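Student: I would like the entire structure built from these sequences, with the hints used as guidance.
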Amino acid sequence: MSIDPGVSIDPQSAALSIAEGGAGNPRPHMVAEQRRGWKHRLARWALEAILLIGGLGMIFPFVWMLSSSLKLPGDIYSLNIIPPTFTLGNYREVLEQTEYIRWFLNSLGIALVTTASVAFFDSVAGYALAKYRFPGQNVVFILILSTLMVPTEMLVIPWYMMSIQFHWTDSYWGIMFPGVISAFGVFLMRQFFGGVPNDLIDAARLDGFSEFRIFWKIAIPQVKPAVAALCIFTFLGNWNAYIWPLIVTRSEEMRTLPVGIAFFSTESGSAFHLIMAASALATIPVLIVFLIFQRQIIKGIVLTGLK
Amino acid sequence: MRLTLERRRWLWAYAFIAIPLLFFLAIRIAPVIYAFWVSLHKWDPIALNRPFIGTENYQKIWSDEVFWHAFRNTWTYVLLGVPISLVLSLLIALGLQKLIRYVGFYRVLYFIPYVTSLVAVGWVWRWMYMPNGFFNEILSRIGVGPFKFLGSPDTALYAILAMTIWQGLGFQIIIFLAGLESVPTIYQEAAAVDGAGSWQRFRDITFPLLNPTIVFLLVTGVIGYLQVFTQIRTMAPTGGPLNSTMSLVLYVYQQAFQQLPSKMGYASAITFVLFAIILLITLAQLKLFSRENNEY
Numbered sequence: 001m002s003i004d005p006g007v008s009i010d011p012q013s014a015a016l017s018i019a020e021g022g023a024g025n026p027r028p029h030m031v032a033e034q035r036r037g038w039k040h041r042l043a044r045w046a047l048e049a050i051l052l053i054g055g056l057g058m059i060f061p062f063v064w065m066l067s068s069s070l071k072l073p074g075d076i077y078s079l080n081i082i083p084p085t086f087t088l089g090n091y092r093e094v095l096e097q098t099e100y101i102r103w104f105l106n107s108l109g110i111a112l113v114t115t116a117s118v119a120f121f122d123s124v125a126g127y128a129l130a131k132y133r134f135p136g137q138n139v140v141f142i143l144i145l146s147t148l149m150v151p152t153e154m155l156v157i158p159w160y161m162m163s164i165q166f167h168w169t170d171s172y173w174g175i176m177f178p179g180v181i182s183a184f185g186v187f188l189m190r191q192f193f194g195g196v197p198n199d200l201i202d203a204a205r206l207d208g209f210s211e212f213r214i215f216w217k218i219a220i221p222q223v224k225p226a227v228a229a230l231c232i233f234t235f236l237g238n239w240n241a242y243i244w245p246l247i248v249t250r251s252e253e254m255r256t257l258p259v260g261i262a263f264f265s266t267e268s269g270s271a272f273h274l275i276m277a278a279s280a281l282a283t284i285p286v287l288i289v290f291l292i293f294q295r296q297i298i299k300g301i302v303l304t305g306l307k
Numbered sequence: 308m309r310l311t312l313e314r315r316r317w318l319w320a321y322a323f324i325a326i327p328l329l330f331f332l333a334i335r336i337a338p339v340i341y342a343f344w345v346s347l348h349k350w351d352p353i354a355l356n357r358p359f360i361g362t363e364n365y366q367k368i369w370s371d372e373v374f375w376h377a378f379r380n381t382w383t384y385v386l387l388g389v390p391i392s393l394v395l396s397l398l399i400a401l402g403l404q405k406l407i408r409y410v411g412f413y414r415v416l417y418f419i420p421y422v423t424s425l426v427a428v429g430w431v432w433r434w435m436y437m438p439n440g441f442f443n444e445i446l447s448r449i450g451v452g453p454f455k456f457l458g459s460p461d462t463a464l465y466a467i468l469a470m471t472i473w474q475g476l477g478f479q480i481i482i483f484l485a486g487l488e489s490v491p492t493i494y495q496e497a498a499a500v501d502g503a504g505s506w507q508r509f510r511d512i513t514f515p516l517l518n519p520t521i522v523f524l525l526v527t528g529v530i531g532y533l534q535v536f537t538q539i540r541t542m543a544p545t546g547g548p549l550n551s552t553m554s555l556v557l558y559v560y561q562q563a564f565q566q567l568p569s570k571m572g573y574a575s576a577i578t579f580v581l582f583a584i585i586l587l588i589t590l591a592q593l594k595l596f597s598r599e600n601n602e603y
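Those protein sequences? They're chains A and B, same order as listed.
All residue numbers for the first sequence refer to our numbering, where the first residue is 1 and numbers rise by one.
All residue numbers for the second sequence refer to our numbering, where the first residue is 308 and numbers rise by one.
The hints are simulated quantities; they were obtained by calculation from the structure and are not laboratory data.
Values in this document were obtained by computation on a predicted structure and should not be read as measured data.
Ideal Cβ placement from N, Cα and C applies to all residues, glycine included.
Don't take each hint at face value.
To be verified - Taking lysine to any residue pairs in the SDA-like style, the calculated list, with each CA pair at most 20 Å apart, reads:
#	chain 1	residue 1	chain 2	residue 2
1	B	405	A	51
2	B	349	B	369
3	B	405	B	490
4	B	594	B	521
5	B	405	A	41
6	B	405	A	198
7	B	367	B	386
8	A	217	B	316
9	A	39	B	505
10	B	405	A	38
11	A	39	B	407
12	B	367	B	561
13	B	349	A	165
14	B	405	A	37
15	B	349	B	334
16	B	349	A	161
17	A	217	B	322
18	B	405	A	47
19	B	455	A	79
20	B	455	A	77
21	B	405	A	46
22	B	405	A	290
23	A	217	A	198
24	A	39	B	405
25	B	405	A	79
26	A	39	B	408
27	A	39	A	51
Stated by the list, open to error - So, partial list: chain A residues that the calculated Cβ filter (under 10 Å) puts toward chain B:
#	residue
28	61
29	246
30	253
Claimed, not checked - The calculated label-pair distances, taken between Cβ atoms and stated as ranges, are:
#	chain 1	residue 1	chain 2	residue 2	range
31	B	587	A	167	47 to 57 Å
32	B	352	A	284	30 to 40 Å
33	A	136	B	549	49 to 59 Å
34	B	358	A	224	23 to 33 Å
35	A	295	B	367	32 to 42 Å
36	A	108	B	583	52 to 62 Å
37	A	109	B	316	32 to 42 Å
38	B	351	A	77	40 to 50 Å
39	B	394	A	200	28 to 38 Å
40	B	586	A	210	40 to 50 Å
Tutor: What follows is the structure, encoded as structure tokens:
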């Protein structure tokens with residue numbers, strides 16, 4: 001059987017229909033299947049049951065984390081999901097023993113500043129590469145693209161030496177500097193700015209808009225979903241970043257949340273009631289944000305994955 | 308007049324690109340060259356004397372047993388983790404696609420692990436794997452075990468792998484769902500009318516059209532698994548027992564930042580081996596993509 005090769009896939013509409021939460025476009029064979037008898041209904045129930053069990057399995061580690069974190073030290077080995085005696089003591093102890101609030105604010109501040117910086121500089125660079133023709137353009141593009149092939153893990157050694165040289169260790173700038181502009185984002189924004197019609201930009205030029213104003217007022221509003229997606233990615237990546245903050249921070253006050261939690265847990269030995277409370281404190285803020293914005297976050301991830 | 312206008316636009320473009328370009332040169336490209344320079348030295352950041360030793364670090368890699376351990380382990384993570392997670396996520400995505408109700412709810416269930424910190428969930432899994440943790444308690448109820456999981460060189464790597472697959476599954480499911488959405492339904496229906504069964508429809512229509520999605524997930528998966536670090540550092544901090552979970556990135560970290568005296572030069576040489584592998588895979592991907600385009 002041959003397939004018409006001219007099929008065009010429209011990532012944006014696919015992303016939207018996925019994100020709307022429906023099963024996408026209604027599929028005629030699906031409706032037909034519904035009308036068929038009990039055998040199909042049984043198959044559908046079985047499928048739903050399997051997916052539900054699988055899904056509950058996916059979130060079980062979080063359930064177990066919460067359950068352990070609410071148990072008394074003496075009940076920690078009990079298999080009951082509902083703690084025999086509820087206690088918030090573990091959380092109180094973690095908050096008292098650690099610089100949790102400080103780590104949380106460090107992570108939040110670093111993630112927010114980095115996200116703002118990436119959103120701005122990556123948009124500007126992507127716009128220049130998509131909408132201007134200038135000498136050296138290909139060289140610049142290939143240069144930026146080639147950095148995508150260099151894994152972050154490979155650069156931690158030279159970055160560390162740079163940080164020592166410039167006295168950046170144990171500072172916010174030291175934690176942030178490798179991530180304030182991202183090659184992936186430049187590439188992403190270039191793809192999306194490429195879809196902004198040139199007529200729109202030329203019309204604004206005729207109206208006497210400055211080039212920067214065209215970028216800011218005309219082009220950016222056209223690619224808002226892509227900017228949002230980039231922001232989500234950058235924020236999550238920085239919030240959860242581990243290896244570089246681990247290397248570049250020294251004092252307890254400068255740690256980010258993952259680094260702080262890692263040190264605390266290692267030092268707690270096998271006090272898993274405390275470790276689970278610490279893990280919950282690191283996990284819950286992200287979970288809340290995710291549950292509020294899940295539609296936008298999933299849409300953003302689909303959008304970037306398909307470009 | 309036209310020339311000056313053109314020139315002015317060039318200036319704008321250069322102004323737009325200047326800071327990002329300088330950033331990439333200084334933070335992404337120069338460090339690679341610097342790392343190569345470091346890899347040619349015996350380099351201890353504290354020592355005053357850092358002798359140039361040519362390719363000695365690279366030669367040392369060949370006879371370093373722990374390196375080869377880490378090398379083999381890293382490929383085990385890749386060669387088991389990528390196929391298993393792709394098959395699982397495709398199956399789940401196909402299942403989710405067939406659902407008519409609560410799709411959003413299921414999607415959130417499967418996606419949650421992906422947004423949470425690897426350090427935090429790493430500790431949760433470590434707790435569940437403990438000799439008296441959740442898994443062993445459940446297994447002892449049915450009279451099996453206890454298993455050492457992270458404590459035994461035979462199982463530790465697989466225990467970490469299971470957690471890694473669990474954590475990344477949600478992302479792959481979402482991308483597969485999007486890929487499946489963009490497969491036009493007309494072909495499915497035409498084939499169904501022609502009497503093709505559902506397996507045949509999947510094999511001959513859906514699967515070939517999913518190719519770009521699969522290539523994307525394959526490449527991001529391989530590169531991601533090649534760089535496993537956080538979960539190992541959390542669940543088996545030294546790469547043990549007996550180096551059985553040691554990965555290349557963890558080995559680099561140990562050589563450069565945990566050992567005294569620090570072996571920055573040697574660690575840099577290992578990062579270049581990793582770099583070469585990732586470069587080869589990226590080039591293979593480019594080739595795969597261009598071949599596909601030729602077919603169309």
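Student: Against this structure, judge whether each hint is valid.
Tutor: We went through each hint and held it up to the structure:
no.	hint	in the structure
1	B:405 with A:51	holds, 11 Å
2	B:349 with B:369	holds, 17 Å
3	B:405 with B:490	holds, 14 Å
4	B:594 with B:521	holds, 15 Å
5	B:405 with A:41	holds, 12 Å
6	B:405 with A:198	violated, 41 Å
7	B:367 with B:386	violated, 26 Å
8	A:217 with B:316	holds, 18 Å
9	A:39 with B:505	holds, 16 Å
10	B:405 with A:38	holds, 17 Å
11	A:39 with B:407	holds, 17 Å
12	B:367 with B:561	holds, 16 Å
13	B:349 with A:165	holds, 19 Å
14	B:405 with A:37	holds, 17 Å
15	B:349 with B:334	violated, 23 Å
16	B:349 with A:161	holds, 15 Å
17	A:217 with B:322	holds, 18 Å
18	B:405 with A:47	holds, 9 Å
19	B:455 with A:79	holds, 18 Å
20	B:455 with A:77	holds, 16 Å
21	B:405 with A:46	holds, 12 Å
22	B:405 with A:290	violated, 25 Å
23	A:217 with A:198	holds, 14 Å
24	A:39 with B:405	holds, 16 Å
25	B:405 with A:79	violated, 35 Å
26	A:39 with B:408	holds, 19 Å
27	A:39 with A:51	holds, 18 Å
28	61	holds, 5 Å
29	246	holds, 8 Å
30	253	violated, 19 Å
31	B:587 with A:167: 47 to 57 Å	violated, 38 Å
32	B:352 with A:284: 30 to 40 Å	holds, 39 Å
33	A:136 with B:549: 49 to 59 Å	holds, 53 Å
34	B:358 with A:224: 23 to 33 Å	violated, 55 Å
35	A:295 with B:367: 32 to 42 Å	violated, 52 Å
36	A:108 with B:583: 52 to 62 Å	violated, 38 Å
37	A:109 with B:316: 32 to 42 Å	holds, 37 Å
38	B:351 with A:77: 40 to 50 Å	holds, 46 Å
39	B:394 with A:200: 28 to 38 Å	violated, 45 Å
40	B:586 with A:210: 40 to 50 Å	holds, 42 Å
Violated hints, in rising order: 6, 7, 15, 22, 25, 30, 31, 34, 35, 36, 39; the structure is consistent with all others.
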